[in-house]
Amino acid sequence: MRLSSWLPIAVLSALTVSDAATRPRYGGTLRVEMRAAPSALDPAAADADPLRSLVFETLVRLDEAGAPQPCLALSWQHDATAKRWQFNLRPAVKFHDGSPLTAAAVVPSLQAALPAMTVAAAGDTVTIRANHPLPDLLLDLAHNGWLDTGPFRSAAFEPGRHATFAANEDYWGGRPFLDAIDVQLGRGLRDQLADLELGKVDVVEVGPTDLRRASDHGRAIWASAAVSLIALAFAPAPDRSDAPRLREALALSIDRAAMHTVLLQKQGEISAALLPQWISGYAFAFPTAPDLPRARALAAALAPAARTLTLTYDPSLRAARSLAERVAVNARDAGLTVQVSPQNPHADVRLVEVRLRSLDPAQALAGIAAALSLQAPAAPDAAPSPAALYESERKLLDGFRAIPLFQLPVLYGAASRVRVYAPPPITRLGDWRFDNVWLSGTAP
Amino acid sequence: MTFRTRLLIAFALTVIVAVAFVGAIVSTTTQRAFERVDEQRVSALTAQFRQELLRRKQEIAEHVKEIAEADSTRDMVIALSRPDADPSVYVDAAEPLAAAHNLDFLELVSASGSIVSSAQWPARFLYQEDLVAQRDDWNSQQPFLKREDLPTDTALALISVRVASVGDSKLYVIGGEDLDRDFLSSFVLPAGMRALLFREPQSIVGVSGPVPQTAALAPLIDDLRKQRTEVTRTVQWTADAASAETFHAIPLIGPAKDPGSPKDPAGAELMGAFLVGSSRAVEVELERFLRRVEILVAMGGILLALLVAFWTTARITRPVEALAAGARAVAAGDWRTQVDVRASGEIGALAAAFNQMTRELLEQRDRLVQAERVAAWRELARRLAHELKNPLFPLQITVENLQRARAAYPEEFDEVFRESTATLLAELGKLRGIVGRFSDFAKMPQPQLETVDLNNLVRDSLKLFEAQMQAAGVTLRLDLAADLRAIQADPGQLGRALQNLVLNAIDAMPSGGALAIRTAAHDGGVRLEVSDTGQGLTQEECDRLFTPYYTTKTHGTGLGLAIVQSVISDHGGKIAVRSEPGKGTAFVIDLA
Numbered sequence: 001m002r003l004s005s006w007l008p009i010a011v012l013s014a015l016t017v018s019d020a021a022t023r024p025r026y027g028g029t030l031r032v033e034m035r036a037a038p039s040a041l042d043p044a045a046a047d048a049d050p051l052r053s054l055v056f057e058t059l060v061r062l063d064e065a066g067a068p069q070p071c072l073a074l075s076w077q078h079d080a081t082a083k084r085w086q087f088n089l090r091p092a093v094k095f096h097d098g099s100p101l102t103a104a105a106v107v108p109s110l111q112a113a114l115p116a117m118t119v120a121a122a123g124d125t126v127t128i129r130a131n132h133p134l135p136d137l138l139l140d141l142a143h144n145g146w147l148d149t150g151p152f153r154s155a156a157f158e159p160g161r162h163a164t165f166a167a168n169e170d171y172w173g174g175r176p177f178l179d180a181i182d183v184q185l186g187r188g189l190r191d192q193l194a195d196l197e198l199g200k201v202d203v204v205e206v207g208p209t210d211l212r213r214a215s216d217h218g219r220a221i222w223a224s225a226a227v228s229l230i231a232l233a234f235a236p237a238p239d240r241s242d243a244p245r246l247r248e249a250l251a252l253s254i255d256r257a258a259m260h261t262v263l264l265q266k267q268g269e270i271s272a273a274l275l276p277q278w279i280s281g282y283a284f285a286f287p288t289a290p291d292l293p294r295a296r297a298l299a300a301a302l303a304p305a306a307r308t309l310t311l312t313y314d315p316s317l318r319a320a321r322s323l324a325e326r327v328a329v330n331a332r333d334a335g336l337t338v339q340v341s342p343q344n345p346h347a348d349v350r351l352v353e354v355r356l357r358s359l360d361p362a363q364a365l366a367g368i369a370a371a372l373s374l375q376a377p378a379a380p381d382a383a384p385s386p387a388a389l390y391e392s393e394r395k396l397l398d399g400f401r402a403i404p405l406f407q408l409p410v411l412y413g414a415a416s417r418v419r420v421y422a423p424p425p426i427t428r429l430g431d432w433r434f435d436n437v438w439l440s441g442t443a444p
Numbered sequence: 001m002t003f004r005t006r007l008l009i010a011f012a013l014t015v016i017v018a019v020a021f022v023g024a025i026v027s028t029t030t031q032r033a034f035e036r037v038d039e040q041r042v043s044a045l046t047a048q049f050r051q052e053l054l055r056r057k058q059e060i061a062e063h064v065k066e067i068a069e070a071d072s073t074r075d076m077v078i079a080l081s082r083p084d085a086d087p088s089v090y091v092d093a094a095e096p097l098a099a100a101h102n103l104d105f106l107e108l109v110s111a112s113g114s115i116v117s118s119a120q121w122p123a124r125f126l127y128q129e130d131l132v133a134q135r136d137d138w139n140s141q142q143p144f145l146k147r148e149d150l151p152t153d154t155a156l157a158l159i160s161v162r163v164a165s166v167g168d169s170k171l172y173v174i175g176g177e178d179l180d181r182d183f184l185s186s187f188v189l190p191a192g193m194r195a196l197l198f199r200e201p202q203s204i205v206g207v208s209g210p211v212p213q214t215a216a217l218a219p220l221i222d223d224l225r226k227q228r229t230e231v232t233r234t235v236q237w238t239a240d241a242a243s244a245e246t247f248h249a250i251p252l253i254g255p256a257k258d259p260g261s262p263k264d265p266a267g268a269e270l271m272g273a274f275l276v277g278s279s280r281a282v283e284v285e286l287e288r289f290l291r292r293v294e295i296l297v298a299m300g301g302i303l304l305a306l307l308v309a310f311w312t313t314a315r316i317t318r319p320v321e322a323l324a325a326g327a328r329a330v331a332a333g334d335w336r337t338q339v340d341v342r343a344s345g346e347i348g349a350l351a352a353a354f355n356q357m358t359r360e361l362l363e364q365r366d367r368l369v370q371a372e373r374v375a376a377w378r379e380l381a382r383r384l385a386h387e388l389k390n391p392l393f394p395l396q397i398t399v400e401n402l403q404r405a406r407a408a409y410p411e412e413f414d415e416v417f418r419e420s421t422a423t424l425l426a427e428l429g430k431l432r433g434i435v436g437r438f439s440d441f442a443k444m445p446q447p448q449l450e451t452v453d454l455n456n457l458v459r460d461s462l463k464l465f466e467a468q469m470q471a472a473g474v475t476l477r478l479d480l481a482a483d484l485r486a487i488q489a490d491p492g493q494l495g496r497a498l499q500n501l502v503l504n505a506i507d508a509m510p511s512g513g514a515l516a517i518r519t520a521a522h523d524g525g526v527r528l529e530v531s532d533t534g535q536g537l538t539q540e541e542c543d544r545l546f547t548p549y550y551t552t553k554t555h556g557t558g559l560g561l562a563i564v565q566s567v568i569s570d571h572g573g574k575i576a577v578r579s580e581p582g583k584g585t586a587f588v589i590d591l592a
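So the protein sequences, as listed, match chains L and F.
Residue numbers for the first sequence follow our numbering, beginning at 1 and rising by one.
Residue numbers for the second sequence follow our numbering, beginning at 1 and rising by one.
If you're looking for bench data, these hints aren't it; they were derived computationally from the structure.
Note that the Cβ used here is the ideal one computed from N, Cα and C, for glycine as well.
There could be a bad hint or two in this list.
[Unchecked claim] Some but not every residue of chain L turned toward chain F, in silico, with C-beta under 8 Å:
#, residue
1, Pro115
2, Leu139
3, Asp140
4, His143
5, Arg212
6, Ser215
7, His217
8, Arg326
9, Ala328
10, Val329
[Said to hold, decoys possible] Restraint ranges, calculated between C-beta atoms of paired labels, are given here:
#, chain 1, residue 1, chain 2, residue 2, range
11, F, Arg55, L, Thr337, 47 to 53 Å
12, L, Asp242, F, Thr152, 34 to 40 Å
13, L, Gln339, F, Ala241, 30 to 36 Å
14, L, Thr164, F, Ser186, 52 to 58 Å
15, L, Ala67, F, Ser72, 45 to 51 Å
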């Protein structure tokens, strides 16, 4: 059963239970565990997700459809050329230190986040100007210019180990139901699941292979959109003349469907594209079916010594080992030998997981290309058309230096006492929205 | 070769042959004993292997049956039989089941042959397992050998297949164990033996892991592949004979390819072999030790043989050598030789007899010498009387004539006196001549040796007789060796001796004949031969020819040949005569 079928059921279950049982109640500490172990609570850092969304906010946020909605900015307008924008700040918003949110206070953060633009304050408005049109400024502002006005404030932070967040009593959106959130950092997926089963934690990250187990005993599964690309990335080394043939043979030997069905329990989607279908709209155009005869022919044309590859993976990635071993089995059918070993810095190819960081297709593609060490397309002046984006992505995938396999959602398992007042607790990109989460009963 | 050497060789050969014979027997017996023990140990180990294999088959069959009959498996069959079955639910099911039942291999295969879960290769889910389609009666089949593909290797597995059925739905349970070093470690091995497992195509493992240097085992493996029966071969790992190891290989055959003909050895596949290795090191070392002992014993025996030989020869050959030395001394003329042999038995008797012989020879020689001396004196007296009688009778007649003439014819006395005194003086001269010759013979001077060319001496001596020979009608034949070496001799004496022989030869041929003189090298010295074609001599005459005053002629003193013999003897040579009546005479002189 696909997750897309599960999600409404999970949500509906949560709502039904909440309606049937009790109304939301204040209080309690939500216990969370996560694999990432950020060394600082820096909203601009690459590993700031998902903690950032507990503490920081932007002027604009994106809804489930990806449309910009007011957040700290209540409204906005721009001139005809979209070179000058003006944002009206939400009143009665306070920073965590108690100081009021003013345009003047906002400008430094915004200017630092948007160095190519001119940010100025005028009363309660913030003006942003540039020499060129800024049609995607709202998307930018949804991901940049973080201000510590979030529903929770940082109460304690041990880099890489533990973080505690307390409810922001003066939150403009209303005090969160939770008194605090306690987050254990750097915890492996198996340990998280075990803790969830033992009742030691309320919310954990879930790997696709553990979905069934995580959803036992009335536990809920929260899922983002397919924002996590699982791909094979070749090391950026000088090419031998037969290397493209080798990569293509490997790419054509992979049976994604079997892996998706069995190992990933049909989570997410099979993909041969860098961007997920729901962002690009053209992912289906990249063929995903294996072509074993052609793969064998390509492999047979290689010298025997050239048919061997080393594949490495990060054991902390979800289902990484199983996927890597399955790739090796498929490659063997094509006449290639793939030696699998974890955390091998000298491996020819890596099984990687790359998170989507932006809902903007071009920005997302650039981010993924950079993560896979592919030559990123030149940043366009204007938003590229889908055809142009498709072409860019196709060029990136020429040569098979990256072999996309799947687009997976970020999954969280929630204990039965965790209730959600207003869905969803996880954004489409996988960020946390715990301001409407509450706990029923007491901690076991 | 001396008696001592022969005795030593005989003793040594006896010892060596005896030691070699005993050594061969001991080596052969030892080798056979080792082979018997080896056979017994191999048989025991082979039986142990077969028993262990049978036990493991039973164990595997039980475990697989347990899994096939478990409730969880039944549930799996039911779940997988549904149209919307999700095989991913059970993708990890095999591993814990395998661990729980101590199986190295476990695969759960759907009715369609698709792998649901694999413990040994988890990533092979949804791959086809062709094995299950080979038979319909898996539940009655015994475990069998199978090559099991693994991610990085190929294993030799003992596999059992069971079908878990619920209604028409079924699930294949394929479980088994790896025949690897753990399997080998279950065997109790005597010292010097080891067990290896050969797995096709090329892997050989022992208890400690892969065996290096398998090239030496290649011929054994080749034999195994050809014959597919138990084979035995000895492998030499290094140049040292002690590294040899005898391997007994028991083939491990997979199931027949045609299920309809299970007894199809040609169709069945050779999966591998159980190799029992028996080190030959102890045996080789023992053989070496035995050989060293043999050599030591042989050397000791030879030493003993030497000692015994020396001791024995000392007791036997020394007396014999003493006797031989004594005999040589006697032959050289020392008849007073006595051998001092303190031996008993025959050797002692021989020595005593030898001493007795020399004493008696001495006495006899003394008596003979005395007799010959007496005879020689008698002969000398006879010859002297004969020689003296002739001149003395005329002397007596002449004195009597003088007396008669003085008495009867005084007037004629002066003339008679003159004639008579002349006769007296002539006869007295003859007497002086006779005395002179006797004196010459008595005091023969020592030869004055100098280097002499014998051929020239012969030629010079013959010149004196040319006229005489011509007058006598004697022809001369000279046969003088051209490369005759010079000799040390007194030319005068030797020449006179030769002249005497030539004269005798001429005298022996009054009617003419042939005189032959020959010189030749002989036995390191020279030989001079003077032969004639005269009337010859009898044996008795030959025996007495060199006796002083013995002569066959009507004239002469009979001292000529005695003087020749004396001259030749003084030169260290010898003279012999060879003659037959009517066939001439030959004198042979050998000089050093």
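Tested hints:
{"no.": "1", "hint": "Pro115", "in the structure": "violated, 48 Å"}
{"no.": "2", "hint": "Leu139", "in the structure": "violated, 37 Å"}
{"no.": "3", "hint": "Asp140", "in the structure": "violated, 41 Å"}
{"no.": "4", "hint": "His143", "in the structure": "violated, 35 Å"}
{"no.": "5", "hint": "Arg212", "in the structure": "holds, 7 Å"}
{"no.": "6", "hint": "Ser215", "in the structure": "violated, 13 Å"}
{"no.": "7", "hint": "His217", "in the structure": "violated, 17 Å"}
{"no.": "8", "hint": "Arg326", "in the structure": "holds, 4 Å"}
{"no.": "9", "hint": "Ala328", "in the structure": "holds, 7 Å"}
{"no.": "10", "hint": "Val329", "in the structure": "holds, 5 Å"}
{"no.": "11", "hint": "F:Arg55 <-> L:Thr337: 47 to 53 Å", "in the structure": "violated, 37 Å"}
{"no.": "12", "hint": "L:Asp242 <-> F:Thr152: 34 to 40 Å", "in the structure": "violated, 24 Å"}
{"no.": "13", "hint": "L:Gln339 <-> F:Ala241: 30 to 36 Å", "in the structure": "violated, 43 Å"}
{"no.": "14", "hint": "L:Thr164 <-> F:Ser186: 52 to 58 Å", "in the structure": "holds, 57 Å"}
{"no.": "15", "hint": "L:Ala67 <-> F:Ser72: 45 to 51 Å", "in the structure": "holds, 50 Å"}
Of the hints listed earlier, those the structure fails to meet are numbers 1, 2, 3, 4, 6, 7, 11, 12, 13, in rising order.
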